[in-house]
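Listed below are the residues making up each chain.
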Amino acid sequence: MIAIVTVTGLDHTGIVAAVSTRMSALGINIVNISQTIMGEYFTMIAQCEFDETAQPIESIQAELRRVGEEQQVVVRLQSEAIFRAMHEL
Amino acid sequence: MDSAHDILETIEMIEENRLDIRTVTMGISLLDCADPDPAVACKKIYERIVRCAGSLVSTAAGIETELGIPIINKRIAVTPISLVAAASHTENYTCFAQALDRAASAVGVDFIGGFSALVQKSRTTADRRLIASLPEALASTELVCSSVNIGSSKAGINMSAVTQMGEIIREVAARTGGMGCAKLVVFCNAVGDNPFMAGGFHGVEEGDCCVNVGVSGPGVVKRALDKVPDASFGQMAETIKKAAFKITRMGQLVGTMAAQRLDVPFGIVDLSLAPTAAIGDSVAEILQTMGVEHVGGHGTTAALALLNDAVKKGGLMACSHVGGLSGSFIPVSEDAAMVDAVRNGSLSLDKLEAMTAICSVGLDMIAIPGDTPASTIAAMIADEAAIGMMNNKTTAVRVIPAPGSVVGDEIDFGGLLGSAPVMAVNPSDAERLTRRGGRLPAPVHSFRA
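Here the protein sequences come in this chain order: X and U.
Under the UniProt record's numbering, read the first sequence as residues 1 to 89, first letter to last.
Under the UniProt record's numbering, read the second sequence as residues 1 to 449, first letter to last.
Hints are supplied without guarantee of correctness; some may be wrong.
[Unchecked claim] Sample of chain U residues at the chain X side, in silico, Cβ under 7 Å:
id	residue
1	ALA4
2	HIS5
3	ILE7
4	GLU64
5	THR65
6	GLU66
7	LEU67
8	LYS246
9	ARG249
10	LEU253
11	ALA302
[Claimed, not checked] Between beta-carbon pairs, the in silico distance windows are:
id	chain 1	residue 1	chain 2	residue 2	range
12	X	PRO56	U	SER320	49 to 55 Å
13	X	VAL74	U	GLY177	52 to 58 Å
14	X	GLU88	U	ALA278	49 to 55 Å
15	U	ASP6	X	ARG65	20 to 26 Å
16	X	GLN55	U	SER348	54 to 60 Å
17	X	GLN72	U	GLY207	50 to 56 Å
18	U	GLY437	X	GLU58	54 to 60 Å
[Stated by the list, open to error] Calculated Cβ distances over 10 Å to all of chain X for the following chain U residues:
id	residue
19	ASP6
20	THR10
21	ASP35
22	GLY68
23	ILE69
24	ARG102
25	MET257
26	LEU316
27	SER419
In short, the hints are calculated from the structure, not lab data.
C-beta atoms are modelled at their ideal positions from N, C-alpha and C, and glycine is treated no differently.
Please model the entire structure based on the sequences and the hints provided.
Here's what the structure looks like:
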């Protein structure tokens, strides 16, 4: 599945490292990544791939939510389909 | 891939503006469940529903997880039961409602619609039995929704049925403390692919089974208008169209995925703006953002006309097939700003009636005094039906005369149905008008052959 991982919250050291390490451990391959800081606000968007038959999406989402709690940011993983449907003709 | 801006905009719509899929509704034909033995017919109905919709809720939950967008309701709409029960040797159709209730409970859906009769021209014996069964059926079930279509632009208005429905609504209120009336809709020009409840049923023109989707998102439209405070009417229409397009694309995506996974055809997307009682999820707030101080004030109807039309224009290109009611809903109890407007005296029944002339769906979720005569309720239905008949649109009445309630009392319907203050009705007597019976003739719409 191709999915989009978004991470938002107050900036601090180590967010990218923590999230990408956990993604790597979950077998999620990042194919495109961008990250910006607006004021004190951290935003990271990663397009990624994983095999949803090897691990159900619910457990991946739960793991990412956990790393989000640890880092005090919000981490979401959603199918890329929702963004394509809304913004592409 | 999409720009970061687009991705964050989608997330903001869902998390901050309450964008959701209001309902994924499976339509199921029960026509071949008819049987002379009502117990056998009910068994067939139960088995058919459980077989078709067994995985509806889990499929919708899976899509919700994958896309990260809430799907608020999972529902079922079935063939109008008066058509299915007609073959059965029984006068009381309550057992059919109970079979629907058991099936809905077994598959875990929020509501099941279709305990219905289509009597716009005349009533069959089965239609009469179904209508007579309504008080007991609604009092003895939890999840069953019912509707009766009493008029159409083609057939006129069946005034005998209208008069009867005035009495039935009072009986339902008496049997259920008013709550049953929230699950009973009286329609003119009812449609067979409406995914919203309480008025949804699976029309006879439909196939064996399909999935229809109702989108929502008044918060998204309001937020879009907030960003253009000085826009002209034309610019407001453009802004609403763009927001509606994006909202509807979600409906199309979810419907396509649900149909594919359930292995049934995708029916339609209903392009309605459906409010909930939550703050920020209100159609009335959109009208107020447009510049009406309190919904119900002068200018409300014009603002609503623009909103309703722009939502349709924006949504039409966003999905493959449009259907259902497709317009802005104005259910009083389900819209916090509308409830406020009733409380502060800005919104009356008369203004609501004017608003229903240009949007979906009618006098919806309105608490009226418990002593409102049946003839007055019938006359309210007749007025709404006349608006629908003359304008070739769907109109409906869902009023709740809660026993013992008086103007100003608060009626709490619970959950998504919200709560509402009891509104004053015109005390003028309509008994002599409504007791005439017969059929109000269909109008001439042009002189074309």
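For each hint, the structure was consulted:
Given the 7 Å rule on beta carbons, the hint for ALA4/U holds: about 5 Å separates it from the nearest Cβ of chain X. Using the Cβ-Cβ criterion of 7 Å, the hint placing HIS5/U at the interface with chain X is not satisfied: the shortest such distance is roughly 9 Å. The beta carbon of ILE7/U is positioned within 7 Å of a beta carbon in chain X (closest approach about 5 Å), and the interface hint is therefore held. Hint on GLU64/U is violated. Least Cβ distance to chain X is approximately 11 Å, over the 7 Å limit.
Because the smallest distance between the Cβ of THR65/U and any Cβ of chain X comes to about 6 Å, under 7 Å, the interface hint for this residue holds. Nearest Cβ of chain X to the Cβ of GLU66/U: about 5 Å, under the 7 Å cut. The hint holds. Here the hint on LEU67/U is kept, as its CB sits about 4 Å from the closest CB of chain X, short of 7 Å. For the restraint placing LYS246/U at the interface with chain X, the shortest Cβ-Cβ distance is roughly 5 Å, inside the 7 Å limit, so the hint holds.
Look at ARG249/U: its Cβ gets to within about 5 Å of chain X, closer than 7 Å, so that hint holds up. Against a cut-off of 7 Å between C-beta atoms, the interface hint on LEU253/U holds, since the closest Cβ of chain X lies about 4 Å away. Checking ALA302/U against chain X: minimum C-beta separation of about 30 Å lies over 7 Å; hint violated. A beta carbon spacing of about 30 Å between PRO56/X and SER320/U contradicts the range 49 to 55 Å that was offered as a hint.
Distance hint check: the CB atoms of VAL74/X and GLY177/U are about 43 Å apart, inconsistent with the given range 52 to 58 Å. A hinted range of 49 to 55 Å for the beta carbons of GLU88/X and ALA278/U is inconsistent with their spacing of about 30 Å. Distance hint for ASP6/U and ARG65/X: a CB-CB separation of about 23 Å, consistent with the stated range 20 to 26 Å. Remark: the range hint 54 to 60 Å for GLN55/X to SER348/U is upheld by a beta-carbon distance near 57 Å.
Restraint check, GLN72/X to GLY207/U: a C-beta distance of roughly 51 Å satisfies the suggested window 50 to 56 Å. Between GLY437/U and GLU58/X the Cβ separation comes to about 59 Å, which falls inside the hinted range of 54 to 60 Å. The claim that ASP6/U lies off the interface is violated: its Cβ sits roughly 4 Å from the closest Cβ of chain X, which falls inside the 10 Å cut-off. Not every Cβ of chain X is farther than 10 Å from the Cβ of THR10/U; the closest lies at roughly 5 Å, contradicting the non-interface assignment.
At the 10 Å boundary, the C-beta of ASP35/U stays outside the reach of chain X, the nearest C-beta of that chain being 42 Å off. Interface exclusion of GLY68/U from chain X breaks down, the closest Cβ pair being 4 Å apart, not more than 10 Å. Consistency note on ILE69/U: stated as away from chain X, yet its beta-carbon is not over 10 Å from all of that chain's, at 6 Å minimum. Against chain X, the non-interface label of ARG102/U holds: every CB pair exceeds 10 Å, the least being about 30 Å.
A beta-carbon of chain X is positioned within 10 Å of the beta-carbon of MET257/U; the least distance is around 8 Å. The claim that LEU316/U lies off the interface holds: its Cβ sits roughly 14 Å from the closest Cβ of chain X, which is beyond the 10 Å cut-off. For SER419/U, the requirement that its beta carbon stay farther than 10 Å from each beta carbon of chain X is met, with the minimum near 32 Å.
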